[in-house]
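Engineer: Position chain B against the provided structure of chain A, taking the given hints into account.
Residues per chain are reported as follows:
There are 2 protein chains.
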Amino acid sequence: MTDKKDAFVTEITPQSQDFSSWYLDVVRKAELADYTAVKGCMAIRPYGFAIWELIQQELDRRFKATGHVNAYFPLFIPESLLMREAEHVEGFAPQVAWVTHGGNEKLEERLAIRPTSEVIIGTLYAKWIQSWRDLPVLINQWSNVVRWEKVTRPFLRTTEFLWQEGHTAHETEAEAQEETLRILDIYKEFAESVLAMPVMAGAKSESEKFAGASRTYSIEALMGDGRALQAGTSHNLGQNFARAFGIQFQGRDKVLQHAWTTSWGVSTRLIGGVIMTHGDDSGLVLPPRVAPQQVVIVPISRGNWQETVLPKARDIQARLVAAGVRVRLDDRDSYTPGWKFADWEMRGVPLRVEIGPKDIEKQQVVVARRDTREKAFIPMDAVEDRVRSLLDEVQQALLARATKFREERTRRTADYAEFSAWMEGRPGFVISPWCGHADCEAAIKSETQATIRNMPFGGDEPSGACLKCGRPATAQAWFAKAY
Amino acid sequence: MTDKKDAFVTEITPQSQDFSSWYLDVVRKAELADYTAVKGCMAIRPYGFAIWELIQQELDRRFKATGHVNAYFPLFIPESLLMREAEHVEGFAPQVAWVTHGGNEKLEERLAIRPTSEVIIGTLYAKWIQSWRDLPVLINQWSNVVRWEKVTRPFLRTTEFLWQEGHTAHETEAEAQEETLRILDIYKEFAESVLAMPVMAGAKSESEKFAGASRTYSIEALMGDGRALQAGTSHNLGQNFARAFGIQFQGRDKVLQHAWTTSWGVSTRLIGGVIMTHGDDSGLVLPPRVAPQQVVIVPISRGNWQETVLPKARDIQARLVAAGVRVRLDDRDSYTPGWKFADWEMRGVPLRVEIGPKDIEKQQVVVARRDTREKAFIPMDAVEDRVRSLLDEVQQALLARATKFREERTRRTADYAEFSAWMEGRPGFVISPWCGHADCEAAIKSETQATIRNMPFGGDEPSGACLKCGRPATAQAWFAKAY
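Going line by line, the protein sequences match chains A and B.
First residue of the first sequence: 13, per our numbering; consecutive thereafter.
First residue of the second sequence: 13, per our numbering; consecutive thereafter.
Just chain A, same shape as in the assembly (with noise of 0.2 Å):
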């Protein structure tokens, strides 16, 4: 049994020695995710699926309570379309998949397979907007998009991938920033409440903006090896897209004018993000909000169990089931308890109940926690609500160890030559005094791989010098090396 546990366990790399090989061995052997006959696509498995199912029903739910309705539009782009936005174009063009055969013929035009859809929404909004009495347009996809990417990895960045994309319209500028930031807070409230992933809401610098946006701004996690992930952007496109693609309405003063867009997406991106913020050695941890199974149970094989010891297991499956809590029983009798322990741990199971002969008869279960592994005997007639209050503990614990975690990296630096020390490693956030130019952004990126991340909402007031210039410094800016 120990030889079988151990022998499982070794062949997660350990994050210590190759964070990326960790990374990969999780996804494979939690049966996340797998690679396919196509470089750079993945199909999402199960278990990995059932997570994504997770953050869309949490997601869904905060964007209807907003307004927003979901809607379908085509995965093809005709060239000549998305050539009419110049800066989307130069953005995305590098990266596009192109049809050009359908069934036998050769098409007429290239189509591209949508990198992002605000093109193809763009031609539709401006035949559906025609007054302001048809403002605002909150609407939202769910769906795959292709992004010809060169180095890919399993749920970070993978050429085809599936996200939601917000696209909205609106009567003023105002309301625009204020949906852009509107979702921007859902976002922040949804990774660190749900996904009990700690993340800085700021806005991006201008050479990192989003390909034909006025401003963007994102949210970014600090994953467990120090680098930094990108986890949702939500942009104000201002009125460049309406003038692109003439999406005009008669104001309430008769004037025709154009719209004020915004579009904004979280993909499955997060789902390695989860990953990165929770995991260890043993393999995945699951915050309890997305762990497609909450608690397993794991009847101890011992004796006549299947007469003694399932019927009893059977039986708290169905309250906790009752009691609203995601629950697996494994009554497998080909694995024994102790493969089936480090087999859950591995998949980041929240927590484990076991239950033996000598559980029954002192009418309790062992409750095991897979972030702390403290175990604890709780009474079989309290096993709901103990539950219940432990998965909460546990998301709690979660969000503030990750949170923890981030403010010990986080660290200040004016001086470019600590800057640069420390980014030879993967410091974690560095927040420094910046100037604001592109040439000095790009400049630190060449020489230390470090990137803004964003510069907080309700940061430091800009003081000091440029980090890299010396000139004024108009934000202070966080950097980091990131995914």
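If you are wondering where the hints come from, they were derived from the structure by calculation, not from laboratory data.
Be a bit skeptical, because a hint or two may be false.
One copy or two, it doesn't matter: identical chains are merged, so the pair holds either way.
Taking lysine-lysine pairs in the BS3-like style, the calculated list, with each CA pair at most 27 Å apart, reads [claimed, not checked]:
hint	residue 1	residue 2
1	Lys266	Lys76
2	Lys352	Lys200
3	Lys41	Lys139
4	Lys139	Lys51
5	Lys221	Lys457
6	Lys76	Lys352
7	Lys493	Lys324
8	Lys493	Lys457
9	Lys51	Lys118
10	Lys266	Lys41
11	Lys387	Lys76
12	Lys374	Lys139
13	Lys374	Lys118
14	Lys352	Lys139
15	Lys41	Lys76
16	Lys352	Lys266
17	Lys324	Lys76
18	Lys139	Lys162
19	Lys324	Lys51
20	Lys374	Lys76
21	Lys266	Lys200
22	Lys200	Lys416
Given the structure is predicted, the values throughout are model-derived calculations rather than measurements.
Structural biologist: Quick look at chain B alone, frame taken from chain A:
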């Protein structure tokens, strides 16, 4: 007011004048879908997509209750892989959209955009399935697929469409057959109880089988114009795909053997089915279980209605929401009640609640049914109960009406002259004896445009001579002109 209403409704072509124009008018006016810049691709607008979301929820619940889980597989299939199952290629290759370039580079091998996913999933099942212990695999995918169609029609036949595709693998032939029929049962029960659309469930003829299947089953509905609609299919794939893609497992007897697989799907075509099963000359008629709004409340805007009527309308809205009813309060002040009545009728909302100053005096509201146009007064304090029971009544009545319609349009003949004469129009189903030979089936199709929809379970035993050739009949086949 009357003028506006009439003007509005007359924009929909009457069914009797041109059913096809009626259909397109309803799709457009009810804002279910819209054409896009790409030929044959539609945008599903929020109102249409909300119907799809309800369909998804209902089906997803049924799939999960029978042990299925969701996953996601790549959009792309390398050409060489698609070519591996001979019949499958022959069936789908003429309809495939091909990606030839990624970014600025020509691909070494063309990539097909999935027309269906047996191939890509088959290669992964070959990796995932090793032992009988890994079976059954019961996976479903919600996704987009692309088939290059020459003639398209929103929801019914589009180049890109949304669907679910189930793909399962089993230890024995019997289990695969059981799964194939279990899903067909789910489809039938769902179509009838949720969409209020009666369907015949049965086996397809050899020539109408899915490309690569051993046996194909379908559910077939009858549309308002007397044409049949294939509303869902379930395929027993035998060991065909397992052989082509190497899905092998070590059996309980330690012998390496091929798995038995199935696949099955329904698509956004179901929305077209709902439109054409229930709609009338005023527009859409939605069964309550797939109506995005089951009730619309229209306050009668007389005098200072915003101070008197509106608060009461809001109160009723809140009570209906609390009772689990999907309800919309139409408080727009730029439209008259009469205009709103016609607008919501056109959008097929099952129940309209009217409330005016007199109703408030009498502590009542008016409820109007979309399906029968009956109006009734109901006491204000019983509004939740009465609305819920009326919604049930409407749901049942729509199914009963559609079932009666189908029965009236299902006839029998063994005489080919009579059969041919009937098929000049759009007569509904004609049940006729058939010899089971593909040449007869093909001749009937080319001479009358009628195809064998399926051979329903529990139908009559075959008897007599084939309609076409006079050889002994092997089945009583259901013929129709079909979408």
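Engineer: I'd like to know which numbered hints this structure contradicts. Please list them from smallest to largest.
Structural biologist: The structure breaks hints 1, 2, 7, 11, 12, 13, 19, 20 and 21; every other hint is satisfied.
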